[in-house]
Amino acid sequence: MNLQIELKNGVMTAVLRGDLDHHAADRLREQIDDTARKVKPRVLRLDFSGVPFMDSSGIGLILGRVRLVSLWNGRVAVSGLSPQLRRMAELSGIASLASLEEEEKEAVGK
Amino acid sequence: MNLQIELKNGVMTAVLRGDLDHHAADRLREQIDDTARKVKPRVLRLDFSGVPFMDSSGIGLILGRVRLVSLWNGRVAVSGLSPQLRRMAELSGIASLASLEEEEKEAVGK
Amino acid sequence: MKQAVNKMELNFPSRSVNESFARGAVSAFVLGLDPLVTELNDLKTAVSEAVTNAIVHGYRDTIGTVYISAKIFADNRVVVKVRDRGCGIADIEKAMEPLYTTGGEERAGLGFAVMQSFCDRVRVSSAPGRGTTVTLTKQFTARENGE
Amino acid sequence: MKQAVNKMELNFPSRSVNESFARGAVSAFVLGLDPLVTELNDLKTAVSEAVTNAIVHGYRDTIGTVYISAKIFADNRVVVKVRDRGCGIADIEKAMEPLYTTGGEERAGLGFAVMQSFCDRVRVSSAPGRGTTVTLTKQFTARENGE
Ligand SMILES: Nc1ncnc2c1ncn2[C@@H]1O[C@H](COP(=O)(O)OP(=O)(O)O)[C@@H](O)[C@H]1O
Ligand SMILES: Nc1ncnc2c1ncn2[C@@H]1O[C@H](COP(=O)(O)OP(=O)(O)O)[C@@H](O)[C@H]1O
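Residue numbers (this note's numbering), protein chains in the order written: chain L, 1 to 110; chain D, 1001 to 1110; chain W, 2001 to 2147; chain H, 3001 to 3147.
Derived from the structure by calculation, the hints contain no laboratory data.
Please note that the accuracy of each hint is not assured.
Here's a subset of chain H near chain W, in silico, CB distances under 10 Å, partners left out [claimed, not checked]:
id	residue
1	V3005
2	K3007
3	E3009
4	N3011
5	V3017
6	N3018
7	A3022
8	Y3100
9	A3113
10	V3124
11	S3126
With a straight-line Cα cutoff of 30 Å, these simulated DSSO-like cross-link-like pairs (lysine-lysine) come out [said to hold, decoys possible]:
id	chain 1	residue 1	chain 2	residue 2
12	W	K2071	H	K3071
13	W	K2007	W	K2081
14	W	K2071	H	K3007
15	W	K2071	H	K3081
16	H	K3007	W	K2081
17	H	K3094	W	K2007
18	W	K2007	H	K3071
19	L	K8	L	K40
20	H	K3081	W	K2081
Calculated from the model, a selection of chain L residues having no Cβ within reach of chain W, i.e. all distances over 12 Å [unchecked claim]:
id	residue
21	K8
22	R27
23	D47
24	S57
25	I62
26	R67
27	E101
The C-beta atom is built at its ideal place from N, Cα and C for all residues, glycine as well.
All chains, please: the whole structure from these sequences, using the hints.
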């Protein structure tokens, strides 16, 4: 698992790469939270476009970040979910807590 | 494992695709020999460019075909060996029995 | 139940690095069925949930051994058992309720829900102090090319 | 010898379809080392040779169980044992000579030579009628990113 963090206009984007299971989530969480606690971003975007596999530990990772950023009234946006990950997200009902961004715009707008 | 056979001017080319182990070799051998016995090609070319993995069963497959086509004075040409497969081929000394074709020409000639 | 056409048994210590090993091994086992990508991914996901539970809950504060067995039947049905000798589950029905978790903030309480959604059948047998066995059954699509 | 940092045990029936399963499972096990592609491929090749021998020679006219165990040590050394309870080898030295084979026309007699070339160490212990154990040792390169 590999993590890349970008900061821009109060938006912190964490780009995840690799399989996301409990083992990987444990390691990612620490790294994401270290930066998030310092930056206190208005929006924490989690980009899953580089995640080929995810189990419910990924949902736990999202929910934990929703809880964290709510400390400063931030919100979590989730992008880049493949159909498989989207199924997992829908099963979990996280859509009411984090905004699941559709990739349609990107796909259509060339 | 998947096999595609092409015939042209007395040359029979068998294009192999997939991992080549004892299990796969057993299946390929039958299919290659069925056609080879009917066609009796002057040259039997085995194209390994679609083979990501091979163990010594692949060498057995080549040697068995050398033996078969020698029945009608044919020869075996081996092409498309990756560096890993080339190492296996060199270890086996099959170069003296089958011609190992270099891919340089193709690579250079665009 | 008919005899399995293929089977395997596997065990490893309950370290989280082995979650991906367990998925990978089960994947490699069913690859001979030439499975649909989605079906393979469903099984991998369910195995990942069950193995994670053994590691995180079954052997919560200790390292124990996780046991996996898998069978393939002639009709392309795959049965995977994931077993631990850990703490066990007192109330299985409650444990299987979506969102229920004893794992703290970072667990979603969705492991069993995911197994049920991604497999055809999930059976849990458990006894406190003795451990837990989760049996996952998934029907794979018959492919012409399968061996 | 120091204690292993990770280990696994695996068994399956001696059907040739399991040659790729065995390679895949061992691969998945050492993937946590973040191995170099060539080193991983070397180990896969050696495992494939040893497992094929158990299936083709050890259990020549029968189906038996093949046992694999693998250990990873702190210095990134990997030890894989492949064991059968098949016919055994009477003369191990002779069996290990390149090109020697009792397997007929389609075997190259290169299995042991490949294991030796692709691993750092190969140990064979065998007794006629009792079976064979092949122990493969390979040192992997330490990667910064390994876990
Ligand atoms: N192998 C196990 N051993 C002991 N308890 C378990 C085991 N598997 C599940 N449980 C219990 O069932 C609960 C629900 O599990 P699950 O639905 O997978 O969600 P989660 O893993 O996110 O907690 C766990 O929190 C735990 O209390
Ligand atoms: N597990 C085994 N059980 C019994 N005999 C074996 C085993 N492994 C190897 N042998 C013997 O050693 C010989 C040489 O093996 P090897 O070098 O791997 O070449 P090959 O598999 O092509 O015959 C085999 O032909 C067989 O006689």
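Each hint tested on the structure:
1. V3005: OK, holds: V3005 of chain H within 10 Å of chain W, min 9 Å.
2. K3007: holds (7 Å)
3. E3009: holds (5 Å)
4. N3011: holds (5 Å)
5. V3017: Hint holds; V3017 of chain H Cβ to chain W Cβ min 5 Å, cut 10 Å.
6. N3018: holds (7 Å)
7. A3022: Because about 8 Å separates A3022 of chain H from the closest Cβ in chain W, which is inside the 10 Å limit, the hint holds.
8. Y3100: violated (30 Å)
9. A3113: violated (26 Å)
10. V3124: Since chain W brings no Cβ nearer than about 24 Å to V3124 of chain H, farther than 10 Å, the hint is violated.
11. S3126: Check failed: Cβ of S3126 of chain H comes no nearer than 24 Å to chain W, outside 10 Å.
12. W:K2071 - H:K3071: It holds: about 25 Å lies between the C-alpha atoms, which stays within 30 Å.
13. W:K2007 - W:K2081: holds (11 Å)
14. W:K2071 - H:K3007: Between K2071 of chain W and K3007 of chain H the Cα gap is close to 22 Å, so the pair holds against 30 Å.
15. W:K2071 - H:K3081: holds (23 Å)
16. H:K3007 - W:K2081: holds (20 Å)
17. H:K3094 - W:K2007: This hinted pair is violated, its Cα atoms lying about 34 Å apart.
18. W:K2007 - H:K3071: OK: K2007 of chain W and K3071 of chain H at ~22 Å, within 30 Å.
19. L:K8 - L:K40: Measuring from Cα to Cα gives roughly 12 Å; hence the hint holds.
20. H:K3081 - W:K2081: holds (24 Å)
21. K8: Correct as stated: the minimum Cβ-Cβ distance to chain W is 27 Å, above 12 Å.
22. R27: violated (9 Å)
23. D47: holds (20 Å)
24. S57: With a cut-off of 12 Å, S57 of chain L comes too close to chain W, as the shortest Cβ separation is near 7 Å.
25. I62: The claim is violated: I62 of chain L sits with its nearest Cβ about 8 Å from chain W, within 12 Å.
26. R67: violated (7 Å)
27. E101: holds (20 Å)
Of the numbered hints listed earlier, those contradicted by the structure are 8, 9, 10, 11, 17, 22, 24, 25, 26.
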